[in-house]
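Undergrad: Next come the chains, spelled out residue by residue.
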Amino acid sequence: MSIQYILEILGTVVFAMSGALAVSEKDSEQDWFGAGFTGFVTAIGGGSLRDIMLGSYPLVWVQDITLLYTIIATIVCTGLLYKWLIRLRRTFLLFDTLGISLFTIVGTEKALSLGVSPEIAAIMGMFSAVMGGVIRDILTNEVPVLFRKEVYASACLLGATFYLGMVQLQVERNTNFIVSVLFIILIRLVALKYNLSLPKFNRLRH
Amino acid sequence: MSIQYILEILGTVVFAMSGALAVSEKDSEQDWFGAGFTGFVTAIGGGSLRDIMLGSYPLVWVQDITLLYTIIATIVCTGLLYKWLIRLRRTFLLFDTLGISLFTIVGTEKALSLGVSPEIAAIMGMFSAVMGGVIRDILTNEVPVLFRKEVYASACLLGATFYLGMVQLQVERNTNFIVSVLFIILIRLVALKYNLSLPKFNRLRH
Amino acid sequence: MSIQYILEILGTVVFAMSGALAVSEKDSEQDWFGAGFTGFVTAIGGGSLRDIMLGSYPLVWVQDITLLYTIIATIVCTGLLYKWLIRLRRTFLLFDTLGISLFTIVGTEKALSLGVSPEIAAIMGMFSAVMGGVIRDILTNEVPVLFRKEVYASACLLGATFYLGMVQLQVERNTNFIVSVLFIILIRLVALKYNLSLPKFNRLRH
Numbered sequence: 167m168s169i170q171y172i173l174e175i176l177g178t179v180v181f182a183m184s185g186a187l188a189v190s191e192k193d194s195e196q197d198w199f200g201a202g203f204t205g206f207v208t209a210i211g212g213g214s215l216r217d218i219m220l221g222s223y224p225l226v227w228v229q230d231i232t233l234l235y236t237i238i239a240t241i242v243c244t245g246l247l248y249k250w251l252i253r254l255r256r257t258f259l260l261f262d263t264l265g266i267s268l269f270t271i272v273g274t275e276k277a278l279s280l281g282v283s284p285e286i287a288a289i290m291g292m293f294s295a296v297m298g299g300v301i302r303d304i305l306t307n308e309v310p311v312l313f314r315k316e317v318y319a320s321a322c323l324l325g326a327t328f329y330l331g332m333v334q335l336q337v338e339r340n341t342n343f344i345v346s347v348l349f350i351i352l353i354r355l356v357a358l359k360y361n362l363s364l365p366k367f368n369r370l371r372h
Numbered sequence: 167m168s169i170q171y172i173l174e175i176l177g178t179v180v181f182a183m184s185g186a187l188a189v190s191e192k193d194s195e196q197d198w199f200g201a202g203f204t205g206f207v208t209a210i211g212g213g214s215l216r217d218i219m220l221g222s223y224p225l226v227w228v229q230d231i232t233l234l235y236t237i238i239a240t241i242v243c244t245g246l247l248y249k250w251l252i253r254l255r256r257t258f259l260l261f262d263t264l265g266i267s268l269f270t271i272v273g274t275e276k277a278l279s280l281g282v283s284p285e286i287a288a289i290m291g292m293f294s295a296v297m298g299g300v301i302r303d304i305l306t307n308e309v310p311v312l313f314r315k316e317v318y319a320s321a322c323l324l325g326a327t328f329y330l331g332m333v334q335l336q337v338e339r340n341t342n343f344i345v346s347v348l349f350i351i352l353i354r355l356v357a358l359k360y361n362l363s364l365p366k367f368n369r370l371r372h
Numbered sequence: 167m168s169i170q171y172i173l174e175i176l177g178t179v180v181f182a183m184s185g186a187l188a189v190s191e192k193d194s195e196q197d198w199f200g201a202g203f204t205g206f207v208t209a210i211g212g213g214s215l216r217d218i219m220l221g222s223y224p225l226v227w228v229q230d231i232t233l234l235y236t237i238i239a240t241i242v243c244t245g246l247l248y249k250w251l252i253r254l255r256r257t258f259l260l261f262d263t264l265g266i267s268l269f270t271i272v273g274t275e276k277a278l279s280l281g282v283s284p285e286i287a288a289i290m291g292m293f294s295a296v297m298g299g300v301i302r303d304i305l306t307n308e309v310p311v312l313f314r315k316e317v318y319a320s321a322c323l324l325g326a327t328f329y330l331g332m333v334q335l336q337v338e339r340n341t342n343f344i345v346s347v348l349f350i351i352l353i354r355l356v357a358l359k360y361n362l363s364l365p366k367f368n369r370l371r372h
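Each protein sequence line maps, in turn, to chains A, B and C. For the first sequence, counting from 1, position 178 maps to 344 in this note's numbering; every step adds exactly one. For the second sequence, counting from 1, position 68 maps to 234 in this note's numbering; every step adds exactly one. For the third sequence, counting from 1, position 117 maps to 283 in this note's numbering; every step adds exactly one.
Possibly wrong hints are sitting among the right ones.
Because identical chains cannot be distinguished in the list, a pair is counted as satisfied if it fits within a single copy or across any two copies.
Stated by the list, open to error - Distance condition first, Cα-Cα at most 20 Å in a straight line; then the derived DMTMM-like pairs of lysine to aspartate or glutamate:
(1) K249 to D230
(2) K359 to D193
(3) K249 to E338
(4) K276 to E191
(5) K192 to E308
(6) K366 to E191
(7) K366 to D262
(8) K276 to D193
(9) K359 to E316
(10) K359 to D230
(11) K249 to E195
(12) K366 to E174
(13) K366 to D230
(14) K366 to E195
(15) K366 to D193
(16) K276 to E338
(17) K249 to D262
(18) K359 to E174
Don't read these hints as lab results, they were simulated from the structure.
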C-alpha cells in the first residue's frame, strides 16, 4: 500500500465527513440514510465526474470496494462522534484543505496519465477536488462552495498549474506531489488567515 | 415481449407522470414543454446515470425508441387527465412505490451482469430508482426526495441487498425478481402506514 | 478552418459570456474565478452532456484546446467590458438566440453521425443547446431557463426536427444547416416579439 493510496483514503474520509455534517447541520431532522447518502456522493462525486469526463472506466470506487467501506465507516463514526466533531470546526477546515489539496494533485496526475494536455489536466484536477462539494451543495440547496468568498477552487487550479510546471522542469514525482500539495495548503491557509479574496468581476458597482 | 420489459415500461410511465405533475404543481403557469421535459428527465435520469457510471453504452433510451414514445404518450395523457390525476394522490403514491421497486431490481441486475461487486450493484440499483426523482427535485428547486422523512431510497437499498442475498442462495431468478420487488413495496407501505422513519443522524439536538 | 467551426467558436463565446454575466448579476460580490468557472461550465456543459450520453470520447473541449482559450479570452473581455455589456441586454438576447440555434444543429448532426435514430438526435441537439444554461441556472440557484415563459428549448427541438426533415428530403447539408439555424432564430424572435408562449399544462386552474 503506497503513501499516495493512504492519502487518497484520507481525502475520501474527509469528504465523506463534510457531506454528512453539511446535510445534518442544514436540517437537524436528517436521518442516518440522508447523511450517509450525502457523505457518499460528496466523497465520490469529484473523482467520478473527472473519470466520466475523461471516459476512464471503471470508476475508482466501482473498482476498489475499499473506498465504499471507508466511506461507510466514516459516516458511522461521524454520527457517533457528532457532538465532538462540530466543536472541531477549525480543525475540520484544515482537514478539508488537506482533502482538496490531495485530490487536486491525484486528479491532475490521473488526467495527465490518460494523455490530455496540461491545461485540461489542471481543470480535471480542480474538478476532482471541488465537484464533490458542489454536488453536496446543490443537493442541500446551499450556495456552491466555489462561489463563497474565500480562495478555494482557485487555490486548487493554481496548485495544479504549479505541479504541471514542476513536471515540465522534470522534478522527481514524489517530491513534486508533496510540494504541490503543501503549496495548495499554504495558499488556502494564507488566504484564510489574511482574509484574502480575488478581485471582483463586476467592478463598476464598487 | 417479456414480463420484465412490460414492468420496465410501467416504471417509465410512472416516473414520467411524476415529473410532469411535480413541475406543474409547483408552478401552475408551467407549459406543456416544461412538463414534458421534466417528465422525460425524471423517467430516464436514474437509469442513464447508472449506465454512465458503469460505462455501459448505448443508454437504454437511446437504443430503444419505444421508451421515448412511451414517455411522450404518458405526458400527453397526464396533461389531458390532469384534473382527474391530482385527485388520485394516494393511488399515485402506490404507483411511485411500484416504480422505484421495479427500477431498483432491474438496475441491480444490470450492474451485476456488467461484473461489478454486489455492494456496488446494490448502490447502482438504488441510483436507478431514485436519481431520476433527485434530478427532478433539483430542477424544480425542491428538497430532494431522499431527504424527506419517509423511508424511500433506504427501502430500495435494503431491497437490492435482499435480492443479492437471494442470488447468493441460488434462488431462481424470476421468483427472486418478484419477491424482491414485493419486499421493497412492503417496506414502503409499512413505513408509510406506521409513519416510520430512520434514526436521526444528529441525535444530540433531540 | 470551416465556417461551421467559426460558428461553433462563436456559440462558445456567447455561452461563456452568458454564464459569467449571470453569476455576477446575481451576486455583485462575485470574483473573477467564480465568474470564469460559471462561464466555462455554461459553455461546455451542453456539449459535454451530449457526448457523455452518447459515449463519444474524448469530449470536444478536452480534445480541442482552442475552445478553452476562447472561453478564457471571453471571460477576460466580459469582465473588462462589463459596464458596456450590461447595457447591451437586447443585443445579448440576440447572441444567445444565435448560440442555441447553432448548438442545436451542430449537436443534432453529431448525434446522427454516431448512428442514433432521428428522434434521439433531435433530443441530443436540444440538450447541447440548453443544458449548459440549465447547469448555470442550477449553480446560481435560478429557475432553469427552460421553465421560463418564453419559447426557448422548444424552439430548439422544433428546429432540430426541421433539420431532420430536410435531411430526409435530401436537402444539401450546408443549405440545410443555414436554413435550420435561421428557422430556430426566427421562431425565437417571433415568440419574443409577440410574447408567444406554449399552452399551459395544467389547464384546469385557468
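Undergrad: So, for every hint listed, does it hold in this structure?
TA: Do the hints match the structure? See the list:
For the homomeric pair K249 and D230, neither the shortest alpha-carbon distance inside one copy (31 Å) nor that between copies (50 Å) is at most 20 Å. Proximity of K359 to D193 under the C-alpha cut-off of 20 Å is found in neither arrangement, the shortest distances being 29 Å within a copy and 24 Å between copies. With identical chains, the CA atoms of K249 and E338 are never at most 20 Å apart, being 43 Å at best within one copy and 47 Å at best between copies. Taking the shortest Cα distances, K276 and E191 never come within 20 Å of each other, neither inside one copy (34 Å) nor across copies (36 Å).
For the homomeric pair K192 and E308, the shortest alpha-carbon distances inside one copy (9 Å) and between copies (15 Å) are both at most 20 Å. Within a single copy, K366 and E191 get their C-alpha atoms only as close as 30 Å, which misses the 20 Å cut-off; across copies the closest is 12 Å, which meets it. In this assembly of identical chains, the alpha carbons of K366 and D262 never lie at most 20 Å apart, being 25 Å within a copy and 24 Å across copies at closest. Proximity of K276 to D193 under the C-alpha cut-off of 20 Å is found in neither arrangement, the shortest distances being 36 Å within a copy and 34 Å between copies.
Taking CA atoms no more than 20 Å apart as the test, K359 paired with E316 passes inside one copy only; the shortest distance there is 10 Å, against 43 Å between copies. When the C-alpha separation of K359 and D230 is checked against a cutoff of 20 Å, the pair qualifies neither within a copy, at 37 Å, nor between copies, at 39 Å. For the identical chains of this complex, K249 and E195 are intra-copy neighbours only, at 15 Å inside a copy versus 34 Å across copies, given an alpha-carbon limit of 20 Å. In this assembly of identical chains, the alpha carbons of K366 and E174 never lie at most 20 Å apart, being 34 Å within a copy and 29 Å across copies at closest.
Neither within a single protomer nor between protomers do K366 and D230 lie at most 20 Å apart by alpha-carbon distance, with minima of 42 Å and 30 Å respectively. For the identical chains of this complex, K366 and E195 are inter-copy neighbours only, at 6 Å across copies versus 37 Å inside a copy, given an alpha-carbon limit of 20 Å. In this homomeric assembly, K366 and D193 come within 20 Å of each other (Cα to Cα) only across copies, at 10 Å, whereas the closest approach inside a single copy is 32 Å. Proximity of K276 to E338 under the C-alpha cut-off of 20 Å is restricted to the intra-copy arrangement: shortest distance 17 Å within a copy versus 42 Å between copies.
Taking the shortest Cα distances, K249 and D262 sit within 20 Å of each other inside one copy (19 Å), while across copies they are farther apart (37 Å). Taking the shortest Cα distances, K359 and E174 never come within 20 Å of each other, neither inside one copy (26 Å) nor across copies (44 Å).
The structure does not agree with the numbered hints 1, 2, 3, 4, 7, 8, 10, 12, 13, 18 stated previously, though it agrees with the rest.
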